[in-house]
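Just so it is clear: in the sequence shown, position 45 is 45 by my numbering, and no numbers are missing.
By construction, these hints were calculated from the structure, which means they are not laboratory data.
Heads up, a few of these hints could be off.
Each pair of labels, with its calculated beta carbon distance range [stated by the list, open to error]:
#1 L14 x N53: 48 to 58 Å
#2 Q68 x P48: 35 to 45 Å
#3 S20 x F81: 19 to 29 Å
#4 L4 x T41: 53 to 63 Å
#5 M8 x P66: 44 to 54 Å
#6 D69 x L19: 24 to 34 Å
#7 I42 x L70: 10 to 20 Å
#8 V46 x S20: 30 to 40 Å
#9 N82 x L5: 18 to 28 Å
#10 I40 x L17: 29 to 39 Å
#11 L4 x L39: 49 to 59 Å
#12 F81 x G50: 19 to 29 Å
For each residue, glycine too, the CB sits at the ideal point set by N, CA and C.
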Amino acid sequence: MRKLLNNMLRMVPLLALVLSFAQTNAQRPYAPSAEEDFLITIQNVVQPVGTTNILEFDIYVVDTDPSQDLQMATFQAGVNFNLGIM
Numbered sequence: 001m002r003k004l005l006n007n008m009l010r011m012v013p014l015l016a017l018v019l020s021f022a023q024t025n026a027q028r029p030y031a032p033s034a035e036e037d038f039l040i041t042i043q044n045v046v047q048p049v050g051t052t053n054i055l056e057f058d059i060y061v062v063d064t065d066p067s068q069d070l071q072m073a074t075f076q077a078g079v080n081f082n083l084g085i086m
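With the sequences and hints as input, model every part of the structure.
As structure tokens, then:
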């Protein structure tokens, strides 16, 4: 039993090494993700009347590849801007 346990513990680093090279793409498992499949833009930028520190805008994600469906599970965006505009 002890010998079996030792052999199994020796295999754990090898298994971790093999699994670390597995590459997956959850949205399209058999196609590489290409940067030209969609376009992200910021539109309708306005500063509401009477406010000095609020800037409102819309983020649009547009499918630019009509031959493939735009499959998206989640989207998170970070927007950096110059504080001098406020």
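*Provide an ascending list of the numbers of those earlier hints which the structure does not satisfy.*
Structure breaks hints 3, 8 and 9.
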